[in-house]
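Let the sequences and hints guide you as you build the complete structure.
Residue numbers (the numbering used here), protein chains in the order written: chain A, 1 to 178; chain B, 1 to 178.
These are computed hints drawn from the structure, not numbers from a lab.
The structure presented is a predicted model; accordingly, all values stated were derived computationally and were not measured.
A hint or two may mislead.
Claimed, not checked - Quick look at which bits of chain B chain A covers, simulated, 3 or more residues with Cβ under 8 Å:
| # | stretch |
| --- | --- |
| 1 | 82-89 |
| 2 | 167-173 |
What the hints assert, rightly or not - Using 27 Å as the maximum straight-line C-alpha spacing, the simulated DSS-like pairs for lysine-lysine come out as follows:
| # | chain 1 | residue 1 | chain 2 | residue 2 |
| --- | --- | --- | --- | --- |
| 3 | A | Lys2 | B | Lys9 |
| 4 | A | Lys9 | B | Lys9 |
| 5 | B | Lys163 | A | Lys2 |
| 6 | A | Lys64 | A | Lys50 |
| 7 | B | Lys50 | A | Lys9 |
| 8 | B | Lys64 | B | Lys50 |
| 9 | B | Lys163 | B | Lys50 |
| 10 | A | Lys163 | A | Lys9 |
C-beta: ideal position from N, C-alpha, C; glycine also.
There are 2 protein chains.
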Amino acid sequence: MKFCSQCGKSVSHRIPDGDNRYRYICDACDTIHYQNPRIIAGCLPIHENKVLLCKRSIDPRARKWTLPAGFLEDSETIAQGALRETSEEANANVEIINLYTIFSLPHISQVYMFFRAQLTDLDFSAGEETLETRLFEEEEIPWDELAFPVITQTLTHYFEDRKNDSFPVRSLEIIIER
Amino acid sequence: MKFCSQCGKSVSHRIPDGDNRYRYICDACDTIHYQNPRIIAGCLPIHENKVLLCKRSIDPRARKWTLPAGFLEDSETIAQGALRETSEEANANVEIINLYTIFSLPHISQVYMFFRAQLTDLDFSAGEETLETRLFEEEEIPWDELAFPVITQTLTHYFEDRKNDSFPVRSLEIIIER
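So, in structure tokens, the structure goes:
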């Protein structure tokens, strides 16, 4: 951030009076520009004993497999964002079962939230950011070709929890020192 | 938003090519300025059969009772944000038990997340945004003087769940038409 989005003057980067963190501050109009973590909402789409994965067409991690997910938009509920991304990336129709995994990723200021979701038909296909969509049984999961740790962990928990038919909400953290 | 934070030129508000939502766009440097929901993290601090509430000193809802909570900062885990706010608003020392309630508030593009937390001592007091801190038994809760619906719902679920000594994570939505 170099300029104030309110008045167009240059911003400085310093700790405001009464605060203890660096902020972008406009000394012309006194606006403090706070920056906050963003939420990525997605689904774990399920059909019988299979899960739906998407092969990414875009960076980061192009050609790796992922669950449909993306940035939550203003004015959406978390579930609405997860459904929209599932539709956009996999053209898939699902019904949400329950919130399942929540990840803090402080090194990139992101929070991921995945819902377990039931595919309501098999009419799915690759969206614009996807090369290929496919149902995988547990034994077929390309564990070495998954896009992100949040995907690996969500799938690992799912197949483990499925043995007990119990899927508690899991609040998790992925800590990467930088 | 009126000016581009990257180059300082005026922004326009329109739907970018290939998108379906209005965004602030800089026609000078082509930056698209996305806006996303923010997370408010907080605690439900517990001591024996009591919960700790804070009387707000600031608007909105000054002089109403709330749970300690505030905007999650960049580079924080959700739990770290909840602990920091509990320290800032109530000078309270707690240990987190578990994530408890999650609320989507799409009308204001916010997501609230509260953790159940155990007070580790009774050395709490009002922080800068707080007039008074106090432990309440269930019968003493000032239900008509609570600051926000997320507070009322979190406390209602807590006292109900306490009867069964079972506190499942609750994913909730507060929908207010505008």
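Verification of the hints:
1. Counting residues of the stretch 82-89 of chain B whose CB lies closer than 8 Å to any CB of chain A gives 0, which falls below the minimum of 3, so the coverage claim is violated.
2. For the stretch 167-173 of chain B, the stated coverage by chain A is satisfied: 4 residues place a CB nearer than 8 Å to a CB of that chain, which reaches the threshold of 3.
3. Under the criterion of a C-alpha separation no larger than 27 Å, the hint pairing A/Lys2 with B/Lys9 is consistent with the structure, at around 11 Å.
4. As the CA atoms of A/Lys9 and B/Lys9 are separated by approximately 10 Å, the hinted pair is consistent with the 27 Å bound.
5. Distance restraint check for B/Lys163 and A/Lys2: the Cα-Cα separation of roughly 54 Å exceeds the 27 Å cut-off, and the hinted pair is therefore not satisfied.
6. Straight-line distance between C-alpha atoms of A/Lys64 and A/Lys50 comes to about 18 Å, which keeps the hinted pair within the 27 Å bound.
7. Restraint check: the Cα-Cα separation between B/Lys50 and A/Lys9 comes to about 50 Å, which exceeds 27 Å; the hinted pair is violated.
8. The straight-line distance between the Cα atoms of B/Lys64 and B/Lys50 is roughly 18 Å, inside the 27 Å bound, and the hint therefore holds.
9. Distance restraint check for B/Lys163 and B/Lys50: the Cα-Cα separation of roughly 14 Å lies within the 27 Å cut-off, and the hinted pair is therefore satisfied.
10. For the hint pairing A/Lys163 with A/Lys9, the CA-to-CA distance comes to about 59 Å; that exceeds 27 Å, so the pair is violated.
The structure is inconsistent with the numbered hints 1, 5, 7 and 10, although it conforms to all the rest.
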